[in-house]
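Asker: Listed here are the chains, written in short residue letters.
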Amino acid sequence: SQQGEEDPQALSIQEGENATMNCSYKTSINNLQWYRQNSGRGLVHLILIRSNEREKHSGRLRVTLDTSKKSSSLLITASRAADTASYFCASISSGSARQLTFGSGTQLTVLP
Amino acid sequence: DTAVSQTPKYLVTQMGNDKSIKCEQNLGHDTMYWYKQDSKKFLKIMFSYNNKELIINETVPNRFSPKSPDKAHLNLHINSLELGDSAVYFCASSQDVLRQFFGPGTRLTVL
Numbered sequence: 001s002q003q004g005e006e007d008p009q010a011l012s013i014q015e016g017e018n019a020t021m022n023c024s025y026k027t028s029i030n031n032l033q034w035y036r037q038n039s040g041r042g043l044v045h046l047i048l049i050r051s052n053e054r055e056k057h058s059g060r061l062r063v064t065l066d067t068s069k070k071s072s073s074l075l076i077t078a079s080r081a082a083d084t085a086s087y088f089c090a091s092i093s094s095g096s097a098r099q100l101t102f103g104s105g106t107q108l109t110v111l112p
Numbered sequence: 001d002t003a004v005s006q007t008p009k010y011l012v013t014q015m016g017n018d019k020s021i022k023c024e025q026n027l028g029h030d031t032m033y034w035y036k037q038d039s040k041k042f043l044k045i046m047f048s049y050n051n052k053e054l055i056i057n058e059t060v061p062n063r064f065s066p067k068s069p070d071k072a073h074l075n076l077h078i079n080s081l082e083l084g085d086s087a088v089y090f091c092a093s094s095q096d097v098l099r100q101f102f103g104p105g106t107r108l109t110v111l
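So the sequence lines, in the order shown, correspond to chains W and E. For the first sequence, my numbering gives the first residue as 1, with consecutive numbering after it. For the second sequence, my numbering gives the first residue as 1, with consecutive numbering after it.
It is possible that some hints are incorrect.
To be verified - Within a straight-line C-alpha distance of at most 27 angstroms, the following computed DSSO-like cross-link-like pairs (lysine-lysine) qualify: (1) Lys70(W) <-> Lys26(W); (2) Lys26(W) <-> Lys36(E); (3) Lys36(E) <-> Lys70(W); (4) Lys26(W) <-> Lys71(E); (5) Lys67(E) <-> Lys70(W); (6) Lys19(E) <-> Lys26(W); (7) Lys9(E) <-> Lys22(E); (8) Lys70(W) <-> Lys56(W); (9) Lys41(E) <-> Lys26(W); (10) Lys9(E) <-> Lys67(E); (11) Lys71(E) <-> Lys22(E); (12) Lys19(E) <-> Lys9(E); (13) Lys44(E) <-> Lys22(E); (14) Lys9(E) <-> Lys70(W); (15) Lys67(E) <-> Lys19(E); (16) Lys70(W) <-> Lys71(E); (17) Lys44(E) <-> Lys69(W).
Hints in this document: simulated from the structure, not taken from any laboratory.
Based on the provided sequences and hints, a complete structural model is requested.
Answerer: Right, here's the structure in full:
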């Protein structure tokens, strides 16, 4: 079964605006990661947040994690056309085999 | 100097054929993976190998057989291809499962 559900499924914004994507998961996790996939390419790791962290920053990225609500959000500030891509959350369940389970992804389009 | 490479990038074939996809990583990672991404971009793990040993084998038809000749290579062989096998297949590697490095993908189209 699919571990993560992301919303929105698609998001279209103007360059310079902020983009927020949300991810919900079902089981207890050790950490949660976000990946980006440009069209026709493989996934690229963006950021990891551990279950004992609530917020993490990396450049224009800000990730939050709420383990009580089993949800995470990815905020991209001052978006650029080059940020256009699909964004996926991925998690490793507590006690599971060494396996990442991916969410359904959000397609972000940043219009110039 | 590509970290994770796959060949071919595109594969178009007839139903019933047998085909292979090759993957190589030059990152020195111990673990390699195969994922299948469907038309809705849902990504699902198929197999995971650690130091040439199978450690994850999700529910995939036994027509799919991974082969790892050494820890830098993980190939995927598919027998008797079916229409539903059409998808993008990604190879990935990691030193630990926390951060995975993905290949560019192989788009398989079964006619």
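Asker: All the hints need checking, so say for each whether the structure fits it.
Answerer: Against the structure, the hints come out as follows:
| no. | hint | result |
| --- | --- | --- |
| 1 | Lys70(W) <-> Lys26(W) | 7 angstroms, holds |
| 2 | Lys26(W) <-> Lys36(E) | 21 angstroms, holds |
| 3 | Lys36(E) <-> Lys70(W) | 25 angstroms, holds |
| 4 | Lys26(W) <-> Lys71(E) | 33 angstroms, violated |
| 5 | Lys67(E) <-> Lys70(W) | 37 angstroms, violated |
| 6 | Lys19(E) <-> Lys26(W) | 36 angstroms, violated |
| 7 | Lys9(E) <-> Lys22(E) | 10 angstroms, holds |
| 8 | Lys70(W) <-> Lys56(W) | 16 angstroms, holds |
| 9 | Lys41(E) <-> Lys26(W) | 20 angstroms, holds |
| 10 | Lys9(E) <-> Lys67(E) | 19 angstroms, holds |
| 11 | Lys71(E) <-> Lys22(E) | 13 angstroms, holds |
| 12 | Lys19(E) <-> Lys9(E) | 13 angstroms, holds |
| 13 | Lys44(E) <-> Lys22(E) | 18 angstroms, holds |
| 14 | Lys9(E) <-> Lys70(W) | 37 angstroms, violated |
| 15 | Lys67(E) <-> Lys19(E) | 13 angstroms, holds |
| 16 | Lys70(W) <-> Lys71(E) | 35 angstroms, violated |
| 17 | Lys44(E) <-> Lys69(W) | 24 angstroms, holds |
The structure does not agree with the numbered hints 4, 5, 6, 14, 16 stated previously, though it agrees with the rest.
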